[in-house]
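Okay, here's what each chain looks like letter by letter:
There are 2 protein chains.
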Amino acid sequence: MGITERKTRQKQALRGRILDAARRIVVREGFAALSMRKIADAIEYSPATLYLHFASRDEIARALCAQGYAQLLSTFEPLAQIADPAERLKGLARAYVAFGVAHPQTYRLIFMEDPTYMVAALAGSAEASEGSADETAGHGSGEAAAGNSTAHSGKAIAINPAAGHESGDAAMRLMVSALEELKAQGRLPASAAGEVLAEAFWATLHGIVALNLTCPVFPTAPLDTIVDVALDAWFGPRSRAQDTPAAPPAASESAPGGAPSAHPSRAQRKPKASGA
Amino acid sequence: MGITERKTRQKQALRGRILDAARRIVVREGFAALSMRKIADAIEYSPATLYLHFASRDEIARALCAQGYAQLLSTFEPLAQIADPAERLKGLARAYVAFGVAHPQTYRLIFMEDPTYMVAALAGSAEASEGSADETAGHGSGEAAAGNSTAHSGKAIAINPAAGHESGDAAMRLMVSALEELKAQGRLPASAAGEVLAEAFWATLHGIVALNLTCPVFPTAPLDTIVDVALDAWFGPRSRAQDTPAAPPAASESAPGGAPSAHPSRAQRKPKASGA
DNA sequence: GTCTATACCTCGATAGAC
DNA sequence: GTCTATCGAGGTATAGAC
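So the protein lines, in turn, are chains A and B. For the first sequence, the working numbering begins at 17 and goes up steadily by one. For the second sequence, the working numbering begins at 17 and goes up steadily by one.
In case anyone wonders, no lab produced these hints; they're calculated from the structure. Cβ atoms here follow ideal geometry from the backbone N, Cα and C, with glycine treated the same way. Mixed in with the good hints, there may be bad ones.
Claimed, not checked - Reference excerpt, derived from the structure (chain B facing chain A, CB under 8 Å, subset only):
| no. | residue |
| --- | --- |
| 1 | A216 |
| 2 | T241 |
| 3 | A246 |
| 4 | W250 |
To be verified - Estimated spans, in silico, between C-beta atoms of each pair:
| no. | chain 1 | residue 1 | chain 2 | residue 2 | range |
| --- | --- | --- | --- | --- | --- |
| 5 | A | A96 | B | G202 | 33 to 41 Å |
| 6 | B | A99 | A | R44 | 50 to 58 Å |
| 7 | A | T24 | B | A58 | 49 to 57 Å |
| 8 | B | E93 | A | G202 | 36 to 44 Å |
| 9 | B | P205 | A | R44 | 39 to 47 Å |
| 10 | A | S62 | B | Y67 | 30 to 38 Å |
| 11 | B | P205 | A | E60 | 51 to 59 Å |
| 12 | B | S72 | A | A64 | 32 to 40 Å |
| 13 | B | D57 | A | P63 | 24 to 32 Å |
Construct the complete structure from the given sequences, taking the supplied hints into account.
Have a look at this one:
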């Protein structure tokens, strides 16, 4: 049995290396530049070997999404402790935006590329807590939740047993409950359901991140200011927190991937700092 | 001289046909599926001919962006007449979202793909007012504002002489002025500059559209409800007063021309290779 | 069981005949 | 001006040698 386990471990290790190499490529050159050939080249295997671990490039992408989303979720966890719901939401918002800015390519991959990647991220968020960009050690696992992959597993992951069936979105529930609290306190119009408020609020955050990643001249003002303005619009002008809580110290991805075209219009000021 | 003009006309006509075919492909299959070969096949020319009119696939994409953005701007024009700034902003918001929903692939191309496409859209928005999807007649022009393209033009477009230098964004100015009015009326916190407010507001709208186009399960509630919630958060329930708006938004569904394109949230990857 | 080598596809863009 | 032919790069996936 030890032999079988060793082989399983080796297989998992190679799987981890594949994902690491893929993530590095995505981070460096963007998802469009991710190819099986490049991954194989990076890990010094032949392209065919990749197909023994992943059914397709798509499945690799989905695994990356799951890892990235799990990483995003992990930045939310400490913020759930904040007592005041408005402050909690602000913390979540700033963490969300900070993640998008710190990991633009990952954010793009999960939330701005293929719709199926997003559901893969939500569905597969139960595992793959390890998501650092530079780690090359053995990841625990990285199931893409595609349903057809290998059938071993059962190792020792299971961060959150509740997540795995249809829990879909722990982050969404976090927001919903906070918004409901605000409604109960009369600090938010009670006319809309918490789920609707959460979706609208999420859309606001996503818009800020997405525009920041796509539009070269957004924002004109510092990004934090934009976030503050949006939060003020939502939760009132009071409590304009100036201290930034809990910034992910992880390595950041290079900002604008894609076209390596030299454009002079790029000279605009663009405060893309991660968490202070 | 008539001969020269005829030749110019013919050249412009072919350019228009190229753009029309390209737009049809993008609308139907998405931008990723746009290729020079497909365009050439659609207009029954050889691929090489396209390069006599456009320097590259990128330039075609930029021209499409300029046309699409001009179309979006044209839906804003009548809304500028609304007296109440809050209602004006709501009208703009609804028109913006309606455009994104009605033309998902175009919206994606302009605002969610390559950053350079967005600046091309803003820079080239002075021309290309004709944006209907089925028109095959002679478009006025469609300069991609790439700076290196052909040097003819000078026909008779010039919708807005002010747009062409750096005006960049007429839509942004529209929003800024309305927000400034709201601030002057005390209906919005005066702590932020109009430009910042406009950017944050734009981000909200973009987030709603972008999530709707990318996330299969967004929104749970009807999209109009999400928009209303976001607008309420911004401009307070006092202007809307519970649920009886003084003026039912009549101009929100003014998406012109565009045939009801394929359903959003349906992105397909290219079915490459067949294997033997 | 693992991996090398390769088949077969589509793409953007170009050279040169007509 | 337009076409045919083609280049070189890159993609996915498989056949079959170790």
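Hints not upheld, ascending by number
Hint check: nothing fails, all pass.
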